[in-house]
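Q: Now for the letters of each chain:
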Amino acid sequence: IPSVSSIVPESCLLIVVGLLVGGLIKGVGEKPPILKSDIFFLFLLPPIILDAGYFLPLRQFTENLGTILIFAVVGTLWNAFFLGGLMYAVCQLGGPGLNHIGLLANLLFGSIISAVDPVAVLAVFEEIHINELLHILVFGESLLNDAVTVVLYHLFEEFANFEQVTILDIILGFLSFFVVSLGGVLVGVIYGLIAAFTSRFTSHIRVIEPLFVFLYSYMAYLSAELFHLSGIMALIAAGVVMRPYVEANISHKSHTTIKYFLKMWSSVSETLIFIFLGVSTVAGHHYWNWTFVISTLFFCLVARVLGVLVLTWFINKFRIVKLTPKDQFIIAYGGLRGAIAFSLGYLLDYKHFGMRDMFLTAIITVIFFTVFVQGMTIRPLVDLLAVKKKQETKRSINEEIHTQFLDHLLTGIEDICGHYGHHHWKDKLNRFNKKYVKKCLIAGERSKEPQLIAFYHKMEMKQAIELVESGGIGKIPSAVSTVSIQNINPKSVPLERVLPALSKDKEEEIRKILRTNLQKTRQRLRSYNRHTLVADPYEEAWNQMLLRRQKARQLEQKMNNYLTVPVHRLDSPTMSRARIGSDPLAYEPKEDSENLPIITIDPASPQSPESVDLMSEEPKGCSGLPPSPEEDEEGLVMRVKEPSSPGTDDVFTPGTSDSPSNQRMLRCLSDPGPRPEPEEGEPFIHKGQ
Amino acid sequence: RGVPGAFPAPGTSLLSLAVTSEQIEHLHRRFKQLSQDQLTIRKENFDSIPDLEFNPIRGKIVHAFFDKRNLRQGSDGLADEINFEDFLTIMSYFRPIEMNMDEEQLDRFRKEKLKFLFHMYDSDHDGKITLQEYRNVVEELLSGNPHLEKESARSIADGAMMEAASICVGQMGPDQVYEGITFEDFLKMWQGIDIETKMHVRFLNVDTIAHCY
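Protein sequences appear in the order of chains A and B. Take 1 as the starting number for the first sequence in my numbering and just add one per residue. Take 690 as the starting number for the second sequence in my numbering and just add one per residue.
One or more of the hints may lead you astray.
Think about it this way: if two alpha-carbon atoms lie no more than 27 Å apart in a straight line, the pair counts; the simulated DSS-like pairs of lysine-lysine are [what the hints assert, rightly or not]: (1) A:390 - B:887; (2) B:839 - A:462; (3) B:804 - A:322; (4) A:434 - B:721; (5) B:887 - A:326; (6) B:721 - A:428; (7) A:558 - B:839; (8) B:887 - A:322; (9) A:388 - B:877; (10) A:428 - B:887.
Which chain A residues stay away from chain B? Per the calculated CB distances, all over 10 Å, these [unchecked claim]: (11) 20; (12) 26; (13) 169; (14) 291; (15) 306; (16) 403; (17) 406; (18) 453.
What follows is a list of derived Cβ distance ranges for each label pair [to be verified]: (19) A:389 - B:816: 45 to 51 Å; (20) A:391 - B:815: 51 to 57 Å; (21) A:469 - B:804: 40 to 46 Å.
Since the hints were derived computationally from the structure, they do not count as laboratory data. Just so it is clear, the structure is predicted and the values come from calculations on it, not from any experiment. All C-beta atoms, glycine included, are put in the ideal place defined by N, C-alpha and C.
Take the sequences, apply the hints, and build the full model.
A: What follows is the structure in structure tokens.
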């Protein structure tokens, strides 16, 4: 017996819940709340759109941008006028109840109801896992048609007050479309760049990094809405623009925070929207007119189908991957209406639009129909028509290499043919991005990091974290294959640090060590305050290791220039606490470090004594390193042997005092970020700032 | 149009070349521009393309034009110069998919393109991509960044190779050696990616078809 949730999409269930709640409230005698438009537009809608925009699959979106734009702009215009015109005809013929509704009112109604709603589309399409092309087409259309809707809505609302509508007004209205859409995008891009620029300087205060993302995006939305520009497009543009730079700058934890907050907020918003829709249905004043409602419904469907058919025929002339009839059916069927239409209708003024109630009733009927009937039946239809589903492929390093290779190859071929196509411009944009933009917006070393390297490091970290996490539970993930460097290059001594490849008993050992350390870390995490936020031990150790590797190489090179002075070991209370508490195996700081140069402090350099402390701390940690990264054969063991890995609280404990500057230091050090800058001879944190 | 040898004569085996005559003319014009009105192109002629300089895999692309395996000449090695017919042959690898292809044609279509790619990776023509060749590829891809360490390129290539080995062979014991990626393994690696739609140059779009059988 299939469960309810597999037949009925979540949005429908939520509306039903709303209906029940509304009914309950009414039954008790209270007045149920209605979904007010400003609450909807200011608080409920932005999180959903930001979530969609920030995680927009940019590659597919840009590849299909032409198609999406045509569907969004031309399709919505067609829908609005077709529907408006036909409803006017119906009103004229519909008897005394409808005769007084003018053409403009009908056109306004058409423009409200014709826009495909992103919230509804997301809610339904998310569950059917349709292939990426169709998903991005329908979803992209629902996002971009906001500009058209905004323009048409305001236009017709104003025109309804005019005595006469001249040609000039119509032309201005047409121009205002460009202003609204491009203006919205511009506002979004500006805020996105500001956010990216801000994130460049947040290396000292990692805890508020997510705030900037949310803040600037919301400001972009508000600014756009303030000037009657398209707020949705501003939000999308801001998310898309800021994402690559922000992700390069912020720490791993901030990234996770942003992801989870966005998902949480958008889930909450979506739920609230659908429930409120249900409640508003019960609460609102309705005026049911059979002719009007039924003909609205009918013409909506007809308009959608016709529009998709005609446009696809036109678009297929220009597409490489043509849209099949099956695709067309899904696109037409996926044109769901939702809460945006309801809110726009609710915004209408009673004075000018006396038939507002009738409009609202019709809008709600259409919404219910599309969400319930179309939403429920789309899943079996997708199965019936055997539409291609989303392939769950994990992004592998091979794929990344091949994709980049292919990109360069196609760009090269285009250059050879002398044809300035898609790839040529994309390549030019990438080069411009690399040369100028990245330098401004990404902090430090990472601005020069090529995409492949960044991808590889991200993947390594993910795999390593996965391995460690499952090691704590005691299970070996099956993804770790037994292929090791020996299998592909038997001649080489296994020097390189490659993706984890471990033998059985080493794994046992590691798991034992990790388990003990994990427990300790968990105990320690139980009580902390904001000022002493504990560093993520794994990310810490990871960054340290990467840094040490790099530093080791640099130190090797510069060994001849500096005096080697033995280090005075400073044992801070935290370090000794850690050493006593944790596994003694992990804490043997090695005395012999002839393989690793210890220090490069030039006594003549103008540094405060405290910074010297820091430097001497660092080599102390360094000297505990296993002989050298080169000689390590198993990637993960290296991490565990480090003295200040999983066991420590604070990795870099500056001095012995507990002064306020120390406390500040601790807060700053909570999240060193993707990779601390390996500046030679400089302290990690610039003191006195 | 009377330039001898510059146009594919009827009866040539450009079986799957499907471009319109105006596209052929466009390519011919380009060919003449590159060859400086000669009948053939040499490697040096590709230096005259300014945008190509920024391309990190420039060497491999130019090499691919002269690779005899791609020119369907049955033999091996590198040609010194190519004429317009060969130029078109190489271009034919980049034509887009057609709606009316059946399963078998699609499969052949896909294999052709992947074979072209395979030849680009496999620089010593021995039929498999060894670790060194793969490292070479990754280094070239990253060659646009001058201060990059060779270490990173090597470890990426090693990681990718290990992944390929685990996809193609599965679990391997410690003494088994994975020689290199053969064409069948290469096909396996590309299974998830639909190359037919990705590997094309847009202007070779097909409205009318001019087959040269």
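Q: Decide, hint by hint, whether the structure agrees.
A: Consistency of the hints with the structure:
1. A:390 - B:887: holds, 17 Å
2. B:839 - A:462: It holds: about 23 Å lies between the C-alpha atoms, which stays within 27 Å.
3. B:804 - A:322: holds, 25 Å
4. A:434 - B:721: violated, 34 Å
5. B:887 - A:326: Status holds; Cα separation ~21 Å.
6. B:721 - A:428: OK: residue 721 of chain B and residue 428 of chain A at ~26 Å, within 27 Å.
7. A:558 - B:839: holds, 19 Å
8. B:887 - A:322: holds, 13 Å
9. A:388 - B:877: holds, 20 Å
10. A:428 - B:887: holds, 19 Å
11. 20: holds, 45 Å
12. 26: holds, 54 Å
13. 169: Holds: least Cβ distance 40 Å, greater than 10 Å.
14. 291: holds, 44 Å
15. 306: holds, 23 Å
16. 403: violated, 8 Å
17. 406: About 6 Å separates residue 406 of chain A from the closest Cβ of chain B, which leaves it inside 10 Å; violated.
18. 453: violated, 6 Å
19. A:389 - B:816: 45 to 51 Å: For residue 389 of chain A and residue 816 of chain B the Cβ distance comes to about 36 Å; the hint is violated.
20. A:391 - B:815: 51 to 57 Å: Because 33 Å falls outside the window, the suggested range is violated.
21. A:469 - B:804: 40 to 46 Å: Holds, since residue 469 of chain A and residue 804 of chain B (Cβ atoms, about 42 Å apart) stay within the stated range.
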